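Make the full structure from the sequences, and use the hints.
Protein sequence lines correspond, in order, to chains A and B. For the first sequence, this note's numbering assigns the number 1 to the initial residue and increments by one for each residue that follows. For the second sequence, this note's numbering assigns the number 1 to the initial residue and increments by one for each residue that follows.
Derived by calculation from the structure, the hints in this document are not laboratory data. Remember, it's a predicted structure, so these values are computed and weren't measured experimentally. Some hints could be false.
Claimed, not checked - Here are the simulated distance ranges between beta carbons:
no., chain 1, residue 1, chain 2, residue 2, range
1, A, Val-109, B, Glu-358, 29 to 35 Å
2, A, Val-109, B, Thr-507, 58 to 64 Å
3, A, Gly-155, B, Ser-227, 28 to 34 Å
4, B, Leu-694, A, Val-109, 53 to 59 Å
As the list claims (entries may be wrong) - 16 Å max Cα-Cα, derived EDC-like pairs, lysine to aspartate or glutamate:
no., chain 1, residue 1, chain 2, residue 2
5, A, Lys-315, B, Asp-513
6, B, Lys-726, B, Asp-766
7, A, Lys-279, B, Asp-479
What the hints assert, rightly or not - A few chain B residues that don't get close to chain A, going by computed Cβ distances all over 10 Å:
no., residue
8, Glu-102
9, Glu-113
10, Leu-140
11, Gly-215
12, Leu-341
13, Glu-490
14, Leu-491
15, Ala-521
16, Glu-765
Idealized CB from N, CA, C, for every residue including glycine.
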Amino acid sequence: MALPPPDPQFVLRGTSAAVHTLHFSCGGQEPDVPILFSGSENGFIHVWNLKTHRVDVALDGHGRKSVYCVQTMGGKDRLLSQGRDQRICTWDLAEGRTSVTDSVFTENVGFCRCSLLKVAQGRWLMAMAAKATDEVQVLELPSKTSVCTLKPEVGAKLGMPMCLKLWQLSCGSQPLLLAGYEDGSVVLWNLSMGKALSQLVCHQEPVMSFDFDSEKAKGISGSSEKVLSIWSLDEQQNLQVYKTHKLVNAGISDITIRPDKKILATAGWDHRLRIFGWKKLKPLAVLDYHTATVHCVSFSDHKNPSERLLAAGSKDHRISIWSIYSQT
Amino acid sequence: MAAAAGLEPALREAAAALERGAAAAALGALRAALAAAGGSAALGERERALFGALLRSLARAPRAARPEGVWQRCFLEGPPGLGLCVLLEALASPGPSFHPSEAAEVLEQFLQEGRISALMWDVCQQQAQAGSPELQEALLSKVVCLPDHVSNKLQGKNPPVFFPQNYFPLLGGAIIQVLQKISDSLRGGLDCSISFVSHVLGKACVHGRQKEILGVLVPRLMDLTKSDCIWQRICWRLVECVPDRWMEAVVLGFVQRTPGADVLSRLLGNLVVKNKKAQFVVTQKLLLLQYCHTTAVLQNLLGYLALDGLRRPLLTKVLQELLETWGSSSAVKHSPPEQQLYISKAILICLSHLKEPEIESCRQELLTSMMEGVKCHLDSSLPQIRRLGMIVAESISSKINTDGPVLKFQYEEDDEARELKSLLVQTPPFCVVPSLPDDDRNEKADAALPLVLESDKSHTAAPVTPVEESDAELDSDDDLIPYDMSEDKELKTKAPVYIRDCIEVLTGSEDVDKWEATVKALESLVRKNPAATREVSVELAKILLHLEEKTCIEGFVELRQRAQVAVLTTDPIPVAKYLTSQFYSLNYSLRQRMDILDVLVLAARELSYPKSLGKTKHSGAQKPCIQLLPGSDSSKDWRRIVDERIKSKTRRFATGPSQGELASSPNEFSSVAGHFFFPLIQHFDRPLTTFDLLGEDHFVLGRLVHTLAVLMYLAVNTVAVTAMGKALLEFVWALRFHTDSYVRQGLLSCISSLLLSVPAQHLLEDMTEELLETQSWLGDVVEKDPDGDCRKLALQNLLLMENLKKKLEPVLS
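And the structure:
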C-alpha cells in the first residue's frame, strides 16, 4: 500500500493576509540562518527565520498594496519586490537595514511577475510587463536602462503577458525570454533582435504560470483549465507540444521545477499541492492542507539536499512548509 | 341576307315534317341551309324564334320521329344559347319519349365541341348591340350552374365531364377562347363587350370555383399579357366589369393564384384605384377583416400596391390602418393571436416596401403608433403576443431611425421570429412567391458560418495534441515512489451540515463558494431534518423568498424553488400562512409573487401524492410479474432475499389480496388544503399601491387563477373540498368577463377541476343554481369567445357537466 501523503513539516502563520509569493534564501554558510521571504496581499514582505519559525522583519514598501513577486539578487541582503502599486523595488537588508534603495515604476496594472537573470557580477537583466497591454520590457539593473521592448506583431492578439522567464543556455550566451500570454500561448523571444522566434498555443485559457528547464529544453505550463501542458524547444528554436496531463480539478496558479530538475510542484485552485516527477510527469503526491486557493509554491536552495524544503502560500493566510522527496 | 332568307322556309318545312313523323330529309335540308347561311350567328330574330320552337318540338317528339344522328346536330349547330336552354329544359322536365340521359349525352357533346365559348361569344356580340338583360341573366345562371342542374337530375349517373372539377377548367378554357376572339375583333377595329365573360367569371368565383377556373385562366393570361398591351387591356377590363357583388371573390382568387406581385399588377392594372369595391376588398377586407391567408398572399397583395405610383398612396394608408389596429389595446386583448400574427406580418411587409421619403413623411405617426402598440403588447399575458410586439416594434424603429439608436428587445429566436424578420427584407419584386429557395440559401449561409469558425478553432487546438513519445529518454522517475493519491477527488466546497448554519450563510456570508454550496445542499438538508426545519421554517421561507442570485449558479431558480417546496412540505401550515400573506403584501416584485404561487402548487402536489409509491419500492419488487434488473442497491436485494425466505417458511391459512397491495398512507394535503387555498382567494379585489390584481397586474391574476385551479384539483377527496368549491365558483363568477384570455383560460380550468374534485352529490345539493348559471356562461363562451383555447376548455367543461348528469341520473331516479 502506498504511504499516506505527509503532513506539512510546519506551518507559518501571521501574515494576516493572503500570501502571494514566496522566496527562499538558504544557501548561505553558518552562521547565516535559512530565510523565507513572503509577500502578501496587505503589502507586507515578511522575512521568516526558518530556525525559529518566526518573522524577523516585516517590510512595508508597497503602500499596503499586494506584493506578488519577491526575489533575491545575489545574497539575502539584496531583495527585489514587485507590488500592485505598480512599482518594483530593490531593498538593502544588510546589517539590519530595511530600506528601499531604488524603484522602477512599471505602469502596468496586471499580475505578471517580473523575471530576473544574472548576466554578470553585479549586473542583472529584468523582464517585466510594460505599460502597453501586450508589451514586455527588459531593463538592465541596477542601471535601469532599457535593453529592449518586445512587441508582438500587429494583429497577433496575444493579450497581456501573464508570466515571464528570462534564461540563457549557458553562462555568457545570448539571453532569451519565454513569455506566457493571455490567449494561452507561450512565445520565445530573442532579446537582441526583439523578435519572436516561436509561438505555441498551449492552452485555451490564459497561461497562469510556467516553468522551463533549460538543460532538457522542456517547459511545463498551467492555466485555469484542467490540464498541464508540457512542451519542448528543439534546436531550431521551435516550441512544440510534448504532452498534456489531465488534472482532477481545474486551475493552476503556480508551477515550480525543483532546482535539481527531479520533481516539480504545482499550486492549485483546488487548495492542493501536487508533486510530479519531472522526467515522465509521473504523479507522486497530492498535498492537501490548505483551505483556500494556493497561490505560490517554492523550493528551497539548501546546499545540503536532505535539508531541502518546499513552501506553499495560500489565500487562507498560511504558509505550509513541507519536506518531501528531499532524500532523492 | 339572301342566304338567310332561305332559312325560314327550311325551318317551317322541318317543323312540318316533324309533325308528320318523317323529319330526316327536312332536317338535313335545314342543316344545309344553316351551313350555307354561315352558321347560327346569321339567324335573325324571327328565325331564332322558329328555331327555338323546332328544337322544343324535337325534344317532345317520340323517339321514332327523331332521325338518329341528325336531331342532335340540330342542337349542336343551332344558336348555342337556344340549344343549351332547350336541353336544360328537357332535362328538367323530360317528356315521355325523351330520356334525361339523351339530353345529357347531347349536352356532353355540346361541351366538348366548344359550344360554350360560342355561346359566350354570341352574347358578347349581342351585348355590343344591347341584347336583353333578362336573357343574359338566364344564360349566365345556366352556364355557371350547369353542373348543379345536371347532377341534380342524373344523380349517380352523372358523366364525369359535368363534375365541377372538370367543368370549370373547361369553362376557363372557353373564356380564353372568347377572349381570343375579342382580341381578334378589337384588332380588326370592331367593338365588342366583355361584360358577359366577366359575369361568368364572377359568378363562378362566387360559387367557390376560383381554384378550378382561375387555375386555367391565370397561367394563360400571364403568358398572353406578357408583352401584349391589348391583352393587358382586355384582362383589366375583364376584372373591372365584374359586378361589385362578385368582386371580392374574383380579386381574392387572383391574389391567391398569381405567382408574384408583378404578375398581379399586370393582370389587375389599377383596379384598386378605379373600383371602390375592389379597393375596399384589397385594403380592408383581406388585411383587416380576414386572417386566413398565407404570407405569400400578403406579399402579393402589398407588393401589388407598391408597384405603381398611383397605388402607393394606398400602401401608406394601409400601413397606417394596420398600425392603428396593431396599436389598439382593445384589438390586442380581444382578437385571436393568429390574427395578430397576420397583421404583424402585413405591417412588416408594408415596411419592407416603404421608401425613405415616404417614411420621412409619416415618421411621427409611425413613432406614435409604435409606442402605443408596444405598450399594449408588452402588457399582454400571452408570451407569443409579447414577442410579436417586440419584433414589430424593433422593425419599425429600425426603419424610422436609420442612423440613430434603435429599439432592441431580448426574446427567444425561433422559426416564427426568423420568418417575421425575413419579411422585413425586401424580396426582389420579380421572384416574390418562390421565396423558399431564398430561405434555403440563407440557412445554408448560416450553416456555413459556424463551419468556418470551427475550422479556426481546430487550427488553434491542434497543437495541444501530444507529440509522439519518440523521445529516447530511457531514464524515468522510477526512483521516486508515489504517495497514496486516492484522496485526490473533485473539489467540493463543504456545505453546511445544520439548517441554522445555512441560514447564517444565506443571510450574511461573503464566501461565494460556501453560499453556492449551501444553496445546492439546502433542499436535501431540509428533507433530512424535518424537526430542525420546523423550528425555523418561517424564517427559512422568508430568506428563500428574498434570496437573490449572487453568483451564476446553474439552475439557481430551480434550486431555490426546490428548497422552498421542501420547507413548505415539511411544515405546511405556518409556512403556507406566511407565503399566502406575503402574496398580498407590499413591496414584492411580480416575479416573487409568482414564485409564491409556483411553490404553493408544487408543494400541494407533493403533499397530495401518495408517498408509498416513492418510498416502498421493494414491495413492488416482490411481485413476480415485474422483473427488475439486478439493481446496484444491495439493501434492496437483501430485503428481497429476507422476504422470500420468510415467505417460503411461512404457511398461510388465509388467502386474500393483502400480499401485492401497495402500502397506503394518508393524504397529507387533506388537512392543510384550506390553508393553501382560502388566504389566496380572499384579497384579490383589494388593490394595494404597488399591486393591483384587477388592474394592470392581470398576468399575476392569471397565474393566481391557474394556481387555484390546480389546488382545487389536488384537493380531491379532502374534507374542505366542498367549501373550497363553493368559494371558487363565486370567485370565477366575479371574474368571468375578464378581458385577458389567459385569465379566462384559468377560470375555465378552475371550473374543470371543480367538477372533477367536488363530489357530485355535494355539487348538486349545495350549488345547483351557481352551476346552472355557470353552464349558461360556458355556452356563451363556446360560441363567442375570441380565444380558441377558451372555447375548447369551455366545451370540455360542458362535456364534464353532461357526464356528471349521466352519472347522477341513476341516483336521482
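**OP:** Of all the hints given earlier, name the ones this structure violates by number, lowest first.
**Re:** Result: hints 1, 2, 3, 13, 14 break, sorted rising.
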